[in-house]
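Which chain is which? The protein sequence lines are G, E, D and W, in order.
My numbering puts the first residue of the first sequence at 11, with every later residue one more than the last.
My numbering puts the first residue of the second sequence at 11, with every later residue one more than the last.
My numbering puts the first residue of the third sequence at 11, with every later residue one more than the last.
My numbering puts the first residue of the fourth sequence at 11, with every later residue one more than the last.
No wet-lab data here; the hints were simulated from the structure.
Where hints are given, some of them may not hold.
Quick list of in silico lysine to any residue cross-link-like pairs, SDA-like style, CA-CA up to 25 Å [said to hold, decoys possible]: (1) E:K195 x W:E247; (2) E:K223 x W:R238; (3) G:K223 x D:R238; (4) E:K223 x W:R251; (5) E:K194 x W:T245; (6) W:K244 x D:T323; (7) E:K195 x W:R251; (8) E:K46 x W:T184; (9) E:K327 x D:D17; (10) G:K223 x D:D45; (11) D:K244 x W:R251; (12) G:K194 x D:E247; (13) E:K194 x W:R151; (14) D:K244 x E:E349; (15) W:K244 x D:F249; (16) G:K195 x D:F249; (17) G:K223 x D:L15; (18) E:K327 x D:L15; (19) E:K195 x W:I320.
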Amino acid sequence: MDLTYSEADERFRTEFRGWLDANLPAQWRERGFWAKQDRDEGFRMRREWEAGKARAGFAGIQWPTEYGGRGGTPAQRAIYDEEMVRYRAPLTVNGLGLTFLAPTLMVIGTDEQKREIIKPLLHNEVIWCQGFSEPNAGSDLAALQCRAESDGDEYVINGQKIWTSQAMHADKMFGLFRTSTEDKKHRGITMLIVDLRSPDGSPAPGVDIRPLKQMTGGLDFGEVFFTDVRVPKTNVIGVEGGGWDVAMLLLSFERGSSAMPQYTGFRRELDDVVGLARDLGRDRNPLLRQRIANSVVELECLKYHSLHILTQVEQGKELGAASSMTKLQWSETHQDIGELFADVAGLAHQISGDGLDDLQRSFLWSRSETIWGGSSQVQRNIVAERLLGLPR
Amino acid sequence: MDLTYSEADERFRTEFRGWLDANLPAQWRERGFWAKQDRDEGFRMRREWEAGKARAGFAGIQWPTEYGGRGGTPAQRAIYDEEMVRYRAPLTVNGLGLTFLAPTLMVIGTDEQKREIIKPLLHNEVIWCQGFSEPNAGSDLAALQCRAESDGDEYVINGQKIWTSQAMHADKMFGLFRTSTEDKKHRGITMLIVDLRSPDGSPAPGVDIRPLKQMTGGLDFGEVFFTDVRVPKTNVIGVEGGGWDVAMLLLSFERGSSAMPQYTGFRRELDDVVGLARDLGRDRNPLLRQRIANSVVELECLKYHSLHILTQVEQGKELGAASSMTKLQWSETHQDIGELFADVAGLAHQISGDGLDDLQRSFLWSRSETIWGGSSQVQRNIVAERLLGLPR
Amino acid sequence: MYFDLTDEQRALRSTVRDFLADRFPLSAVRALYDDDTDGDPAELWKSVGEQGWLAVLIPEQYDGLGLGLLDAAVLARCWGEGCVPGPFLPTLVAAEALRLGGTDAQKSAWLPRVAAGDAKVTLAHGGGVTETGGKLSGTIRHVEYAHVADALVVAADGGRLWLVDPHGAGVTVTVTDALDRSTVLTTVTLDGAAGEELAAPVLPEVLDRAAVLYANDLAGVARVALTRTVDYDKTREQFGRPVGSFQAIKHALADLHVAVTMAEHAGWYAAHALDAGLPDATLAVSVAKSKAGDAAREATAAMIQYHGGIGYTWEHDAHLFFKRAKRAEYQYGDPAEHRERIARLVVDGA
Amino acid sequence: MYFDLTDEQRALRSTVRDFLADRFPLSAVRALYDDDTDGDPAELWKSVGEQGWLAVLIPEQYDGLGLGLLDAAVLARCWGEGCVPGPFLPTLVAAEALRLGGTDAQKSAWLPRVAAGDAKVTLAHGGGVTETGGKLSGTIRHVEYAHVADALVVAADGGRLWLVDPHGAGVTVTVTDALDRSTVLTTVTLDGAAGEELAAPVLPEVLDRAAVLYANDLAGVARVALTRTVDYDKTREQFGRPVGSFQAIKHALADLHVAVTMAEHAGWYAAHALDAGLPDATLAVSVAKSKAGDAAREATAAMIQYHGGIGYTWEHDAHLFFKRAKRAEYQYGDPAEHRERIARLVVDGA
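With the sequences and hints as input, model every part of the structure.
Here it is as structure tokens:
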């Protein structure tokens, strides 16, 4: 065991903190700041700030320098994640591109795709969304139906995608489309790049993007409808009919990521709940104390687990399906913290505009976290079958 | 709503109490009395006492008088159950016969079977055990393998039964045996009566009965091995190959029984846990108070549920699979009370001979209650499929 | 021995269910979420008054039906089943305070009007309200529908109850923005407001009766949340099979069915226990409220989870149930508070 | 950054596992349940001494190995995995009291003997022991293996520690009958027994280190209970399918795998945190003990449930794991006590 970072890694931390101190506006760090911004304007501010961070060399921490990355270590990536949360720096606006698309292209993209996509993505010149889920294909991707029919050098896309994060702000989509209905279900799928916008920023012809309001009242997801949208065949990622394998490769990049950002964020959220309990004079309540402590236990375990995962990554070990454990641990724990907040606040948890809005939104939002990105039920299947070897 | 009993029912209660006051030895009602008795001697005492009770007319409360029963109402049966527990009267030694065999014979038994079996059973002249489970057929009765091969007027039985309650004291068994390996799994099964004892009380030829020690250290179950045991064909209950249907009929008699005895018994057990908390000065502990209260909630709900079931029975309504709910409610609640006892006692819950032995035994025993009689998993399947109509 | 609704109660339930489904279906509730009205659908209130359901607990001498709490519980459960908005339960509760504790004059003035649907009343309790010479001061939060009420019944320190005119001097009512928009929660601020005292300090009895009504509301919420989820999962397919055929989901729904059934039994029992004055009535109230709160919270959370992504959208009904369950869980004692009261009864013998 | 066992620690673990499986398999543990011996298998103790494992935490100057708590935790976990009996952990714990708080003379007298496997020591704490002029009186319950100990370390009121000769005047040791027979719990009664005081009141440090060792024992119990259940359910068939293919059971086992994995991480982290003097060491101790207690209780209960009837028999191993888990859950702080300590750290900032 050695939980210290190397000198080089700690130097990186110092350097990054220096940049954040100089470049992160103080009011951005205040609780509730982003909730008060206009949605589009907030997006623009974050997009620009993040591009500046990339220009300063604090993006793509682990990516090779040839792609505009920093060429850093897994530990530096973890430090970066930690500091971003610690500083309450804004979340990335291009997460799906950063986490999934770029690493996938580094492995199987054409030279042209690598050149034209990765760096502009890192600098937020192009915002990406992911088009996987459909109304009748949530956890079951093999069931997807949105068609891309071959027509000469192009595909013609018709159908619908749903639960598309950032749909309202994305310029392009990478998504799975059915290019054959004759092959076995998961063989007739192709990963394609689709332009969602005309040069003036309005939706491209045949593309209809609608926000999907959540129970929080927020609009973090959208639906995207395609009517005869034409896409050149050079937009295939991998090969036609190989979309399932590309998707598996793509999703595998989630595995290496530790849950340190979730740990740091949720611990801070828990601190806010503790503060609320103190404000309400309920911090001596033995039942609430047990519940608070239990959330601490689960979060600290998440931290230890993340350090272990980070070690595995640094040692170059195959993580297998461990990310399903990570997801279960953070999403279920976060949901418990939401319930704890409600129990601490009592009926006041219902009231907006009372300074509880961040915790209230988190409480509601945490209900979605056990559904998207592989529901808890799907994660448990994976843990049972792939980690424990139980029969299907 | 009317939760009062009729005058006739209340008269019955008075009468029964009078009999118990006069006939139940005071020391039998003391905590731990039965644990101190020699197992066989204790069985003999209970057997005789129960026979006396039957002779006095306090047995087969709801059975028609032609079978030696009292011809009473469902409410009187509930009152009987309640008073038995309230008086800490000893449990019946012939429960499987009383609950399952006799009601089944009343419906489908031959005249001879009705005459020769029911009344002697009620008077404990013959003690019955049930031979259903086998090592590879616990929840899955259709998989049973213990064979009964036809040979003229007889069957020849070979094989094994397990988890046989009262195996060490039973005179006869009613059980399921495979009379055909050619039919569909659950079609080749026949319900048979098997003599387990020779006239001198030793096991009948070819019958080997072994106790099965449980994690409590007790011997409530046994294994029964058959080697070429011959049984006349008149011992068939129902028809050859009809065992599955007979078993379903037989098990249906559990449905009508309310869980008032469990309610009364577990509430008293919970009172003992509360007393223990008081003795240990832990009754002000807010966490334990919540847990105690939660067990009260679940038990009171069990009471209300039992009153509802009783009403349904009195109205002659079909209960369907409601008994699965009842079983889940009482067995899971009892297990919680066991864990609560351990948390109240702390490390002392481990120590026998400290006056905790009854609670300790209950704590361990409750672990088996979610397995036998249809495991909680099987009960949930039944609730989901038969009560909620979810697809298989 | 008869533990069930009577034929009359069952018929009432059918009538109410049909009426509400017709007059105020969930689409109307959802519309309230997008509205900027006062959150009190006036037509619904009028029709409910016409049906005579506000009269359920009012004695016949005050033009009421003089029925029992169990009958009111039947109504409350229908309200929960439909996530029905409006000051119906609040008015029943506050009118109970008047019925049990009011002076003859107060009863004569208010109960016939409540019975006819002509007056809305609501209970303001749980704040630190002090009284000096008949003038009340203090702030009470989370008071339902005070902004449309014709009278407030205010609980002051010491347990005394006061009738207060919400439009009178020294009374300010502020509407707050609650997650659950099938109610309106307000803050009532009293600054030397005139109060007319009730004849008896009946707050504990009123709170018990309120707890039973809200427990039944919650049992209704829980049951419909579960039924809707079961129905959806019977047909929705994933991996080529109905979602409801997956055993993990079946077992979760089975456990919920047991819990919700127990909450339903407990809701009826508690109402009857108060009606019949059974010795375990107080215990039964706390059993019912804690069990219903737990069951509704779990059933509505499961409604979201087992609908998958759609269950999390604004357009789907799931959040209406979830938010109402979460709100009513804390009204008139949350599960932990009621369990502590059970402990006082069972452990302390208090 | 390296969060894992070192190669040496992994090699140690393999050696210990192989050794224990060979010398004291579960069949030997089960035999103890049917025995009337003193519950302390002498040959096992001798071999463990010969292996040098009792020397793990003893400084080199006292003929020990001078290794860290993490190394001892590796051993403790192997003990738990095999439900291994004997005063191994108790001796490690009491020797820590001597190492941390003993006088030079006490250390010289006892630590080399412990390291060599020549002395058994045990900690008696949690009773109401008073001291007058070096004489101790009081009763301490649930002391492990005092009946075979060569020395007792007794915690008296006020947190002072005393070395007591269990065979001396005024000392009575009574063996009690515990459900878990992979330990022996005794009652120690002191009636003016002579005590030799340690140099420093190190009880809090000793209790923390004990909590970490028992947390790792529990993590071992939990892991093997789970693995055995998974393996059994892979092959045992019901309704024509392996039991482990039923989704409800799969999901329950998956949740347990997450919980047990977290308990394992927490067990290592806490040991390392004490070794390295990390600022969150105290928090980590309580995280580890509460998480391991919960995980072991749940995993061993699941071991019974998901073995079906056989898991409930005396002949099956499940009850060995269940009873050990339940015993160690309450030693050195139960989960609720550790959670309250976490609350003191996190909520009160104490």
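We went through each hint and held it up to the structure:
1. Among the hinted pairs, K195 (chain E) with E247 (chain W) is consistent with the structure: their alpha-carbon atoms are about 15 Å apart, no more than 25 Å.
2. Distance check on the hinted pair: K223 (chain E) and R238 (chain W) sit about 21 Å apart at the alpha-carbon level, within 25 Å; holds.
3. In summary, the hint linking K223 (chain G) to R238 (chain D) is supported, as the alpha carbons are separated by about 21 Å, within the 25 Å threshold.
4. Of the pairs offered as hints, the one joining K223 (chain E) and R251 (chain W) is violated, with about 28 Å between alpha carbons and a cut-off of 25 Å exceeded.
5. Taking the CA atoms of K194 (chain E) and T245 (chain W), the gap is near 23 Å; set against the 25 Å cutoff, the hint holds.
6. Between the alpha carbons of K244 (chain W) and T323 (chain D) the distance comes to roughly 39 Å, so the proposed pair goes past 25 Å and is violated.
7. Proximity of K195 (chain E) to R251 (chain W) is assessed by CA-CA distance (about 15 Å); at most 25 Å being required, the pair is judged to hold.
8. With a CA separation close to 22 Å, the supplied pair K46 (chain E) and T184 (chain W) stays within the 25 Å bound.
9. Using a Cα cut-off of 25 Å, the hinted pair K327 (chain E) and D17 (chain D) holds, with the two alpha carbons roughly 15 Å apart.
10. Simply put, K223 (chain G) and D45 (chain D) have alpha-carbon atoms about 15 Å apart, close enough for the 25 Å limit, and the pair holds.
11. Pair hint K244 (chain D) plus R251 (chain W) holds up; C-alpha atoms about 23 Å apart against a cutoff of 25 Å.
12. This hinted pair checks out: K194 (chain G) and E247 (chain D) have alpha carbons roughly 18 Å apart, not beyond 25 Å.
13. A hinted pair counts as satisfied when its Cα atoms are at most 25 Å apart, and K194 (chain E) with R151 (chain W) does not qualify at roughly 60 Å.
14. Distance check on the hinted pair: K244 (chain D) and E349 (chain E) sit about 36 Å apart at the alpha-carbon level, beyond 25 Å; violated.
15. Between K244 (chain W) and F249 (chain D), the direct Cα distance comes to roughly 23 Å. Compliance with the 25 Å bound is thereby established for this hinted pair.
16. As the CA atoms of K195 (chain G) and F249 (chain D) are separated by approximately 11 Å, the hinted pair is consistent with the 25 Å bound.
17. Distance restraint check for K223 (chain G) and L15 (chain D): the Cα-Cα separation of roughly 41 Å exceeds the 25 Å cut-off, and the hinted pair is therefore not satisfied.
18. About 15 Å separates the Cα atoms of K327 (chain E) and L15 (chain D), which keeps this hinted pair within 25 Å; it holds.
19. For the suggested pair K195 (chain E) and I320 (chain W), the alpha carbons sit about 24 Å apart, so the restraint of at most 25 Å is met.
Of the hints listed earlier, those the structure fails to meet are numbers 4, 6, 13, 14 and 17, in rising order.
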